[in-house]
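> Protein sequence lines, in the order shown, are assigned to chains A and B. Position 102, counted from 1, in the first sequence is what numbering that gives the first Met the number 0 calls 101; the numbers after and before it change by one each time, with no gaps. Position 80, counted from 1, in the second sequence is what numbering that gives the first Met the number 0 calls 79; the numbers after and before it change by one each time, with no gaps.
Source of the hints: derived by calculation from the structure; they are not laboratory data. Predicted, not measured: the structure shown is a model, and the values here were computed from it. Cβ atoms here follow ideal geometry from the backbone N, Cα and C, with glycine treated the same way. Among the clues, some could well be false.
What the hints assert, rightly or not - Here are the in silico distance ranges between beta carbons for each label pair:
#	chain 1	residue 1	chain 2	residue 2	range
1	A	25	B	103	33 to 43 angstroms
2	A	140	B	181	19 to 29 angstroms
3	A	164	B	181	24 to 34 angstroms
Claimed, not checked - Straight-line Cα separation of at most 30 angstroms, DSS-like style, residue types lysine-lysine; simulated pairs:
#	chain 1	residue 1	chain 2	residue 2
4	B	241	B	192
5	A	125	A	163
6	B	241	A	125
7	B	192	A	163
8	A	246	A	125
9	A	125	A	108
10	A	108	B	192
11	A	163	A	108
Said to hold, decoys possible - Residues from chain B shown here face chain A by an in silico Cβ test under 10 angstroms; the list is partial:
#	residue
12	79
13	187
14	201
15	204
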Amino acid sequence: MSAQPQAQEMIAQGRRIGEVLLSVEEVSLSFGGVNALTDVSFEVREHEIRAIIGPNGAGKSSMLNVINGVYHPQKGTIRFLGQPRHDVDTHEAAAQGIARTFQNLALFKGMNVLDNIMTGRNLRMKAGLLAQAIRFGWAEREELEHRAVVERIIDFLEIQAYRKTPVGRLPYGLQKRVDLGRALAMEPRLLLLDEPMAGMNVEEKQDMCRFVLDVNDQFGTTIVLIEHDMGVVMDISDRVIVLDYGKKIGDGTPDEVRGTQAVIDAYLGVSH
Amino acid sequence: MKRHLPIIILIAALLAGLAAPLATGASAPGFFVEVLLGGLMAGVLYSLVALGFVLIFKASGVFNFAQGAMVLFAALSVARMAEVMPLWVAALLGVGIMVLLAIVVERVVLRPLVNQEGVVLLMATLGVSYFLDGFGQSVWGSDIYEINLGLSKAPVLILRNVFQGGILINKDDVAAAVVAVLLVVALALFFQKTATGRALRAVADDHQAAQSVGIPLNRIWVIVWSVAGVVAVVAGMMWGSKLGVQFSISQVALKALPVVILGGFTSIPGAIIGGLIIGVGEKMAEVFLGPVMVRTFDLAGGGIENWFAYVLALLFLLVRPEGLFGERIIDRV
């Protein structure tokens, strides 16, 4: 992997890993009789890149959806910034500073790149409906300020040329970038990435790796990501959680996790 | 190109249908234009009701069967309140009532049924529809009431130099058309140019992603039902001033169904153009096709206006189910 030297360089710069930002305590989630997650606990520290890995159906996406407020776990507590939350809805989680991208693109198809990313500023817009409607005074000014932030993100993601392009017309790799851009526009404390590199070719993956690391490095954003590509995960994450059948079977630095017997078994299968 | 073929054929057929009475000399140009204008005016009103459908369908995926009842309820409220206060105050209060209704519907109907099947929500709005019909009568009474927009009902003759005998046109029809155009422009600007409009479009495109950027679905629903309520007030006042405020408004509003099928469920321009096509189409059919059918098949005649829109919609469902401007429905299996 050519992303490797770069990745190590980033980590070598010695970002300061901070306090616990998010802690998941003995969370269990089931749908009907199916247990998606069983007593999962872990914590995410500020400025950290934390990966969740595991075979298909291990509960990775469910975990992300629990943090994001899509699912409400039957058991367990989630603390964000030290505060326990109870049945937080997705838009409330967003208001707390949790942003996400989607495994299967969930862009607003009817809009262009700029508008898609602008929606990420929604929570930070204060002007009332009426003021917006007549674009009066500071509603107009506010729109322009947000536009400036969005332009910086567009520059950062190197999609200047596609500002006004409807997102549906962009190639897949670029759509993934717009998805990331929309999340970044929220200026989140915690960024959840659901398989950011799924379905990408090698070049696109390298670009995305670079963006993820840059986001972490330049904005200090804490990142939790799900990824299938083990090379990528081991390169860019600080610590890795391994899930299998909804249970946590490993947690530690990439090197530690790689050596764990349970993890090897889960990935390669065990002979019975 | 192939995708546009049905539209091209339809437009060609419409143009041919429009030109036929002129070409065959079945009518004088002046009379033809009068019928055309009459159709356009009726079409504007259909468009207004259809607009309410489309707004709600776009933002929440709910097919709001109650749109017609909302128009009736709004018209009743404005008509009865206008008896004791100036019309513009009554209209503003009417808007307030519709916003209140939006809040109640969101809280009592939509929120508990979130993520249910489309059919469930359709049935729920059917319930809202009948409730509103009845509730409106309980509160405001069931007679025929008047809304007087203060425009003279007397038709005026225009273009006397161009056509022999000139063209008769109603002032309130023209007012209705102007108001409808203004409303559509305002809505388009609201949707395209404001942050709230952007949030509404976001919700229409993807609920989950919209929530993930912090757009609260519930508030968006209230806003969109309120906007549909405002549209209902305008449509109700227009219909009411034309026909009198009575129960039949709720039924006439069902003409908006073929309009949205024609225009596409998710398209605001589609609602407008669909309304105009249906309005013109049924008037033309009644006036020019009717006599021909009577002569050819020895029928009693009349009544084409009642079914024309639905037959046109049925044809559309066969060739182009997504409508003229709707998003293509592609179900991946």
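> Take the hints in turn and mark each one as holding or not.
Hints, verified against the model:
1. A:25 with B:103: 33 to 43 angstroms: The hint (33 to 43 angstroms, Cβ to Cβ) holds, given that residue 25 (chain A) and residue 103 (chain B) are roughly 41 angstroms apart.
2. A:140 with B:181: 19 to 29 angstroms: 27 angstroms, holds
3. A:164 with B:181: 24 to 34 angstroms: Given range 24 to 34 angstroms: holds, Cβ gap about 32 angstroms.
4. B:241 with B:192: Roughly 34 angstroms between the alpha carbons, so the hint for residue 241 (chain B) and residue 192 (chain B) is violated.
5. A:125 with A:163: Holds, at about 25 angstroms.
6. B:241 with A:125: 42 angstroms, violated
7. B:192 with A:163: 14 angstroms, holds
8. A:246 with A:125: 42 angstroms, violated
9. A:125 with A:108: 25 angstroms, holds
10. A:108 with B:192: With Cα atoms ~17 angstroms apart, residue 108 (chain A) and residue 192 (chain B) stay inside 30 angstroms; holds.
11. A:163 with A:108: The given pair, whose Cα atoms are some 13 angstroms apart, holds under the 30 angstroms limit.
12. 79: 28 angstroms, violated
13. 187: With a minimum Cβ separation of about 12 angstroms from chain A (threshold 10 angstroms), the hint on residue 187 (chain B) is violated.
14. 201: At 5 angstroms from the nearest chain A Cβ, residue 201 (chain B) passes the 10 angstroms test, so the hint holds.
15. 204: 4 angstroms, holds
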